[in-house]
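Asker: Sequence:
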Amino acid sequence: MTTAWIVLATIAFYFVLLFVISWITGRKTKSAEFFTGDRKTSWYMVAFAMIGASISGVTFTSVPGAVATGCYSYMQMVLGFFVGSIIVALVLIPMFYKMNLLSIYGYLENRFGLASYRTGAWFFFVSKMLGASVRFFVVCVVLQTLVFTPLGISFSINVIITVALIWLYSFQGGVKSMIWTDSLKTFCLIASVICCIIYIAGYFDFGVSETFAAIGEHPTSKVFFFEDPNDGRYFWKQFAAGVFTIIACTGLDQDLMQRTLSCKNFRESQKNMVVSSFMQIFVIGLFLLLGTLLYMYADATGITAKGDALFGAVAWSDGFPLFIGIMFIIGLVAAAYSAAGSALTALTTSFTIDILQANKKQDDEKLTKTRKKVHVGMSIMMILVIIIFYYLNNTSAINAVYILSGYTYGPILGMFTFGLICKKPVRDKFVPLVAIISPLLTYILQSNSEKWFGGYQMSFELLIVNAVITALGLCLLIKKNK
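Okay, so the sequence shown: first residue is 35 according to our numbering, each after it adds one.
Be careful, since some hints might not be right.
Unchecked claim - Computed list of lysine to aspartate or glutamate pairs in EDC-like fashion (alpha-carbon distance at most 16 Å, straight line): (1) Lys457 - Glu143; (2) Lys463 - Glu143; (3) Lys485 - Asp265; (4) Lys132 - Glu302; (5) Lys513 - Asp462.
Stated by the list, open to error - Simulated restraints, written as ranges between beta carbons of each label pair: (6) Ala46 - Thr338: 29 to 35 Å; (7) Ala334 - Leu202: 38 to 44 Å; (8) Pro263 - Lys403: 52 to 58 Å; (9) Trp270 - Leu454: 21 to 27 Å; (10) Lys132 - Ala334: 55 to 61 Å; (11) Val125 - Gly341: 33 to 39 Å; (12) Leu202 - Val160: 22 to 28 Å; (13) Tyr425 - Phe260: 38 to 44 Å; (14) Gly319 - Leu202: 32 to 38 Å; (15) Ala339 - Lys395: 48 to 54 Å; (16) Ile422 - Phe258: 37 to 43 Å.
Don't read these hints as lab results, they were simulated from the structure.
All C-beta atoms, glycine included, are put in the ideal place defined by N, C-alpha and C.
The whole structure should be built from the sequences, with the hints applied where relevant.
Answerer: Below, the structure written as structure tokens:
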């Protein structure tokens with residue numbers, strides 16, 4: 035019970051900071067500023083915020099826990115993230131600025147037509163709602179164990195309370211507030227991980243050199259896997275998946291691009307994209323190092339928790355000081371709440387601009403009212419999806435996120451890639467059909483890949499396969515010259 039009240043006090047303190055930041059940055063925000071931040075944000079501020087924005091509660095708990103089975107193979111994907119970020123900076127960002135888009139899916143209307151535009155927006159909506167809910171689900175489970183179960187509160191009430199708090203600090207300020215709260219999140223994440231690393235190293239009486247030596251000798255510290263192409267951890271599969279994942283899930287994601295497009299011009303936006311991706315390599319590296327140290331500590335102290343539960347179990351174990359447990363909660367809450375808040379902002383933007391197209395029909399006053407109603411609706415829908423996922427979940431959280439992203443972002447990646455490479459018009463009204471068929475064919479391929487392709491395991495590269503199928507489908511819709 036004492037632990038539950040400590041966690042509640044920590045969360046309350048963090049939310050006070052969020053509310054203060056949100057009130058200062060968003061009290062005079064108009065609709066245009068809600069969607070774009072009025073494009074006055076400094077690139078280095080966005081770059082620092084983007085580090086935290088790209089790290090969710092899933093990353094915070096699953097990346098350290100996954101080193102037992104995947105070692106450091108995730109770093110292969112992170113290296114692909116960096117290459118993908120350069121492509122986004124050089125190709126997509128200048129185009130989005132040139133078109134002066136509120137929502138990046140406006141490109142699809144300009145290139146193909148209204149049906150393609152709405153298809154891209156709906157696929158983003160489904161992907162972001164599911165992805166954000168999966169990420170937030172992980173945190174709600176941890177909070178349920180530490181706080182709500184000891185207090186006799188059900189999981190459903192837990193989700194309602196936490197999403198309501200997110201809505202309170204995110205409904206007013208929009209992207210400008212998100213950048214400031216993400217900066218706070220970045221600081222909290224890095225601080226909590228470093229504190230845990232320092233404490234565990236001190237427990238084993240390791241200096242800096244001894245810490246790295248011990249980690250290097252541990253079986254979980256293997257980074258590169260070139261041996262077996264059929265292995266899901268094979269380097270080129272992971273690297274290629276990382277490149278295309280960052281293009282699809284950042285460059286073609288309204289959530290993260292909304293921050294990037296708040297920079298003053300496309301040159302500053304490019305700086306932000308490249309610098310933040312480079313720094314992310316080191317931040318993810320810290321999470322992986324922490325994972326090895328957590329398993330070393332668990333083995334030494336008899337802690338049996340594995341996977342997603344490991345970090346929390348160690349941080350709140352009897353041997354750890356209370357300060358470390360509090361830092362864990364701050365890091366977890368910062369990761370989860372900021373990610374959910376930014377997802378609600380992006381979903382609100384996309385639904386209002388892309389699906390309702392309210393910006394074309396309403397003045398600023400009416401648009402603000404519509405946007406606030408949509409924000410409430412998105413919050414309610416997220417609550418329902420998280421509760422449903424709670425009863426259906428049967429796989430590890432981080433894999434679930436990337437599997438969902440592969441199926442839903444694949445058609446978006448395919449449409450944008452086709453549009454940039456091929457300049458011919460297509461039969462716009464059939465594009466939604468292609469976007470629906472592509473994930474179905476991808477699922478069939480993934481389900482039978484080992485049987486059909488001699489034991490080959492299709493993992494994160496399903497995003498690429500999905501996009502290729504979509505692009506090939508669009509080739510069949512090219513209008514013939516009269």
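Asker: Now tell me, hint by hint, if it's right for this structure.
Answerer: Okay, the hints, checked on the actual structure:
no.: 1; hint: Lys457 - Glu143; result: holds (14 Å)
no.: 2; hint: Lys463 - Glu143; result: holds (12 Å)
no.: 3; hint: Lys485 - Asp265; result: holds (14 Å)
no.: 4; hint: Lys132 - Glu302; result: holds (14 Å)
no.: 5; hint: Lys513 - Asp462; result: holds (10 Å)
no.: 6; hint: Ala46 - Thr338: 29 to 35 Å; result: holds (31 Å)
no.: 7; hint: Ala334 - Leu202: 38 to 44 Å; result: holds (42 Å)
no.: 8; hint: Pro263 - Lys403: 52 to 58 Å; result: holds (55 Å)
no.: 9; hint: Trp270 - Leu454: 21 to 27 Å; result: holds (24 Å)
no.: 10; hint: Lys132 - Ala334: 55 to 61 Å; result: holds (57 Å)
no.: 11; hint: Val125 - Gly341: 33 to 39 Å; result: holds (37 Å)
no.: 12; hint: Leu202 - Val160: 22 to 28 Å; result: holds (25 Å)
no.: 13; hint: Tyr425 - Phe260: 38 to 44 Å; result: holds (41 Å)
no.: 14; hint: Gly319 - Leu202: 32 to 38 Å; result: holds (35 Å)
no.: 15; hint: Ala339 - Lys395: 48 to 54 Å; result: holds (53 Å)
no.: 16; hint: Ile422 - Phe258: 37 to 43 Å; result: holds (38 Å)
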